[in-house]
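Undergrad: Turn these sequences into a full structure, and let the hints steer you where they fit.
Protein chains: 2
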Amino acid sequence: MFSHLETPVPLVDLDRVERNLDRAATYARSHGLALRPHVKTHKSARIAAMQVERGADGLTCATPREAEVMQAVSGDLLVAYPPVDPHRADRLAALAAGRVTVALDSLHAVDTMARAAAGAGRTVHVYVEMDLGMRRVGVASAADAVAIARRAADAPALEFAGLAFYPGHIRQGVGDQDAALAVVAGEVERAVEAFTAAGLRPPVVSGGSTPTIWRSHEMGPVTEIRPGTYVYNDRTTAVIGACSWEECAFTVLATVVSTAVPGQAVIDAGVKSIGREPVRGAPGEGFGALLDRPEVTVRAMSEEHGILDLSHTSWIPRVGERVRVVPNHVCVAVHLFDEMIGIRDGEEVERWTVAARGRSPAGGS
Amino acid sequence: MFSHLETPVPLVDLDRVERNLDRAATYARSHGLALRPHVKTHKSARIAAMQVERGADGLTCATPREAEVMQAVSGDLLVAYPPVDPHRADRLAALAAGRVTVALDSLHAVDTMARAAAGAGRTVHVYVEMDLGMRRVGVASAADAVAIARRAADAPALEFAGLAFYPGHIRQGVGDQDAALAVVAGEVERAVEAFTAAGLRPPVVSGGSTPTIWRSHEMGPVTEIRPGTYVYNDRTTAVIGACSWEECAFTVLATVVSTAVPGQAVIDAGVKSIGREPVRGAPGEGFGALLDRPEVTVRAMSEEHGILDLSHTSWIPRVGERVRVVPNHVCVAVHLFDEMIGIRDGEEVERWTVAARGRSPAGGS
Numbered sequence: 009m010f011s012h013l014e015t016p017v018p019l020v021d022l023d024r025v026e027r028n029l030d031r032a033a034t035y036a037r038s039h040g041l042a043l044r045p046h047v048k049t050h051k052s053a054r055i056a057a058m059q060v061e062r063g064a065d066g067l068t069c070a071t072p073r074e075a076e077v078m079q080a081v082s083g084d085l086l087v088a089y090p091p092v093d094p095h096r097a098d099r100l101a102a103l104a105a106g107r108v109t110v111a112l113d114s115l116h117a118v119d120t121m122a123r124a125a126a127g128a129g130r131t132v133h134v135y136v137e138m139d140l141g142m143r144r145v146g147v148a149s150a151a152d153a154v155a156i157a158r159r160a161a162d163a164p165a166l167e168f169a170g171l172a173f174y175p176g177h178i179r180q181g182v183g184d185q186d187a188a189l190a191v192v193a194g195e196v197e198r199a200v201e202a203f204t205a206a207g208l209r210p211p212v213v214s215g216g217s218t219p220t221i222w223r224s225h226e227m228g229p230v231t232e233i234r235p236g237t238y239v240y241n242d243r244t245t246a247v248i249g250a251c252s253w254e255e256c257a258f259t260v261l262a263t264v265v266s267t268a269v270p271g272q273a274v275i276d277a278g279v280k281s282i283g284r285e286p287v288r289g290a291p292g293e294g295f296g297a298l299l300d301r302p303e304v305t306v307r308a309m310s311e312e313h314g315i316l317d318l319s320h321t322s323w324i325p326r327v328g329e330r331v332r333v334v335p336n337h338v339c340v341a342v343h344l345f346d347e348m349i350g351i352r353d354g355e356e357v358e359r360w361t362v363a364a365r366g367r368s369p370a371g372g373s
Numbered sequence: 009m010f011s012h013l014e015t016p017v018p019l020v021d022l023d024r025v026e027r028n029l030d031r032a033a034t035y036a037r038s039h040g041l042a043l044r045p046h047v048k049t050h051k052s053a054r055i056a057a058m059q060v061e062r063g064a065d066g067l068t069c070a071t072p073r074e075a076e077v078m079q080a081v082s083g084d085l086l087v088a089y090p091p092v093d094p095h096r097a098d099r100l101a102a103l104a105a106g107r108v109t110v111a112l113d114s115l116h117a118v119d120t121m122a123r124a125a126a127g128a129g130r131t132v133h134v135y136v137e138m139d140l141g142m143r144r145v146g147v148a149s150a151a152d153a154v155a156i157a158r159r160a161a162d163a164p165a166l167e168f169a170g171l172a173f174y175p176g177h178i179r180q181g182v183g184d185q186d187a188a189l190a191v192v193a194g195e196v197e198r199a200v201e202a203f204t205a206a207g208l209r210p211p212v213v214s215g216g217s218t219p220t221i222w223r224s225h226e227m228g229p230v231t232e233i234r235p236g237t238y239v240y241n242d243r244t245t246a247v248i249g250a251c252s253w254e255e256c257a258f259t260v261l262a263t264v265v266s267t268a269v270p271g272q273a274v275i276d277a278g279v280k281s282i283g284r285e286p287v288r289g290a291p292g293e294g295f296g297a298l299l300d301r302p303e304v305t306v307r308a309m310s311e312e313h314g315i316l317d318l319s320h321t322s323w324i325p326r327v328g329e330r331v332r333v334v335p336n337h338v339c340v341a342v343h344l345f346d347e348m349i350g351i352r353d354g355e356e357v358e359r360w361t362v363a364a365r366g367r368s369p370a371g372g373s
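Going down the list, the protein sequences come from chains A and B.
Take 9 as the starting number for the first sequence in this note's numbering and just add one per residue.
Take 9 as the starting number for the second sequence in this note's numbering and just add one per residue.
Since the hints were derived computationally from the structure, they do not count as laboratory data.
Glycine included, each C-beta is placed from N, C-alpha and C at the ideal position.
Don't take each hint at face value.
Said to hold, decoys possible - Calculated from the model, a selection of chain B residues having no Cβ within reach of chain A, i.e. all distances over 12 Å:
#, residue
1, S38
2, R54
3, Q185
4, E254
5, G354
6, G366
What the hints assert, rightly or not - Ranges between beta-carbon positions, derived for each pair:
#, chain 1, residue 1, chain 2, residue 2, range
7, A, S368, B, S252, 49 to 57 Å
8, B, R27, A, S252, 34 to 42 Å
9, B, D65, A, H12, 33 to 41 Å
TA: Quick look at the structure:
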């Protein structure tokens, strides 16, 4: 299997990617939602271009480097990360993209971004990020959110552009979905009312994650969605029922290097190739599973070793045999590699650089 | 604190590194042990050169790229990873280093390495890896180990050079150290006897890890140690008592980006900067702790967010404030960055590339 490639190496099934992108584009279009995919999952201009070709209305980034790389692909970038560090704000203000929006959740971040934008002589758009249950970032009260929006609206170099939230606490197939979505929808409605009453009607209401992607239209006045993982999917997305196993497009090709200990086999992909991410939101042991034998999981790892659990399979692996691992969390696994191998029908068809990986200015190291 | 740097960014305290290297070099010399540090922790020619300057007898690598980068620093490289993948074996056989040794644990790996070495017209040395309780790789029986050594000794392009094991299952301060060391010492003795009886007396007995480093001389006929983590240390090494907190030389500098949720603060370093590694071998919550406030741990993470647990501190962080995180497992955190910032006395003094990160041939991307 892919005998010309040295392992461990990441494979991207481009036929599956295209189907995943088409499905999301069709969904967004049919519900009148703007689709602004998050590039953190693939960090690749190659894949971002496929998203834009299919009608993405812009791209979402987390880091300055992601934005620097992606401005070659789209002129409309959202950086969904608060620009608290002034160096970060300066890099965002220096972007050449036609429209740059940042999502933030504090007066401190507004002021930092306002200074950087004014210094660069440009306008930066601002979404105010609210916390609707994720308990990570985002302001909890509509009154605080309105105060931040007001500060942005009053800053000469900023323009208030909308309201953002991330429903990452809702996992497909976990708990009472209908109730959780109704709660979020109600909170978004009330937030929009509070902004509107303050004379700051949000032009955009940006929400949506991969686990909730197919129910985004039920989240009240949401106008825009920002899924990331849907492009490749992963074991967690499959386990929680937000994709099928056949929609998993990313695998790490690995070689069995030892079968010395009964009941297990050791592969040459460990934490430094797969990442140590748990299945979240559903029961699931291990850190990944084999594409062709999902009952075989990566039970334990060290840096360059993965231990396959053979207790639920009749498969008897041989030293030298190759396997493909679907990681639990693809965004973390992609971040571990510099280059992706694109495949179709079991053959390599192209390679591309994960150009938005790393932190230094794009064009630098 | 380091206000000229954009966060998240990795800092290496070079004064601490020098003390860590000096201590290990003195220990090895005083016990007549060869010191062959594992470069997986730092992946940097800069640090490897400091190790060689202090008398390291060679270097240990895991990946072909590590070996390709490190051959500029040392002419004596051990690749402590079985060359089962033929591409991997070919890259090792093509190394320019004067002496290349591989550790392996199967006849399959012997044959693969023998073919590659013969093809390259060179001799490769072989350690046979035994399992003394780690249950990862390594053959369990001395008879099987001798058979592998025999196959290597008989291959024209290979030379049997020793016995290797990794006592990673013994953690400083965990369980009955004395008993565990005595068991390992006894097993190593018996293995050496079995090899010697078969006419294959091992010139080198290579063992030793960072957690056991200061007791390596108690492990029977060990002649060589291969510690990796000791150069930087990390929260796990400190928690298990194998180093002091003041010997932790690696931190990730991060910025507080949100204090919206009571009882926690959010920093801009998450899984993609710190890694999601548990404390192993001792109780310890979270994924890292603050250098200046070890009672504050990174309780949870997403890709670019870390959640600080403030329940054991009177510290009230402000948005924009900076902190330094000691990760649980430094080898995994280093692998996430392309460049290190060297500091002394709280000031940046140099930068270097983590050149052995990644998988492609050194000199390529």
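Undergrad: Next, verify each hint and record whether it holds.
TA: Against the structure, the hints come out as follows:
no.	hint	in the structure
1	S38	holds, 30 Å
2	R54	holds, 15 Å
3	Q185	holds, 21 Å
4	E254	holds, 26 Å
5	G354	holds, 18 Å
6	G366	violated, 5 Å
7	A:S368 to B:S252: 49 to 57 Å	violated, 33 Å
8	B:R27 to A:S252: 34 to 42 Å	violated, 54 Å
9	B:D65 to A:H12: 33 to 41 Å	holds, 37 Å
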